[in-house]
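Asker: Listed below are the residues making up each chain.
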Amino acid sequence: GAGVSQSPRYKVAKRGQDVALRCDPISGHVSLFWYQQALGQGPEFLTYFQNEAQLDKSGLPSDRFFAERPEGSVSTLKIQRTQQEDSAVYLCASSLRLAYNEQFFGPGTRLTVL
Amino acid sequence: AQKVTQAQTEISVVEKEDVTLDCVYETRDTTYYLFWYKQPPSGELVFLIRRNSFDEQNEISGRYSWNFQKSTSSFNFTITASQVVDSAVYFCALRGNQGGKLIFGQGTELSVKP
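For the protein sequence lines, the chains are G and A, in the order given.
The first sequence begins at 1 in our numbering and counts up one residue at a time.
The second sequence begins at 1001 in our numbering and counts up one residue at a time.
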């Protein structure tokens, strides 16, 4: 079956621009997670959803970051007024249910802010 | 606080050698879950294994084996008879008993040379 897909795969933005990153989870997966991975580092948690409810957004680095999952399926991570320090790979993962289950990751979106 | 430490930043071996990747974790939760993921050069994180804190049985899957020891808070990963295709960055991760976020280590880059 289809895995987690993300688009675009690469995004170059000028400092100050807004960007929107999309994630399509595995069909039927209730939980969806966003992570940020800086070069040479492990992924760091940003936020997660169970269905359309955003249950934890403690990892979002600033109020410029916003995520939504309005219908409990596709999710969008939006970054307003991008800064150079936002340059990273943004990973989306989904799992069948929140508890006990492994998370399956998409290929990521590499964001470069100039 | 929860933390995962992978002290080995890079490991280089010759094909057919055995190699062990170390993972040490910290958590105050009595129930938690440990994971290993592989990140090949293509970038997509691939799930390898999940372990529950109440199950200390070691596991073997083909050339891969995992040694979970609660007494030393370690969850080490051994690849037997390594192959060039095993070259990747390997991440150990921890999830507590509340919330779904994964706490990743810094990763160990494994290079297997022919």
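If you're looking for bench data, these hints aren't it; they were derived computationally from the structure.
Among the clues, some could well be false.
Claimed, not checked - Keeping only pairs whose Cα atoms sit at most 20 Å apart, straight-line, the calculated EDC-like set for lysine to aspartate or glutamate is:
#, chain 1, residue 1, chain 2, residue 2
1, A, K1113, A, D1055
2, A, K1003, G, D63
3, G, K11, G, D24
4, A, K1003, G, D24
5, A, K1003, G, D56
6, A, K1038, A, E1109
7, A, K1003, A, D1086
8, A, K1038, G, E44
Asker: Of the hints given before, which are not true for this structure?
Answerer: 1, 2, 4, 7
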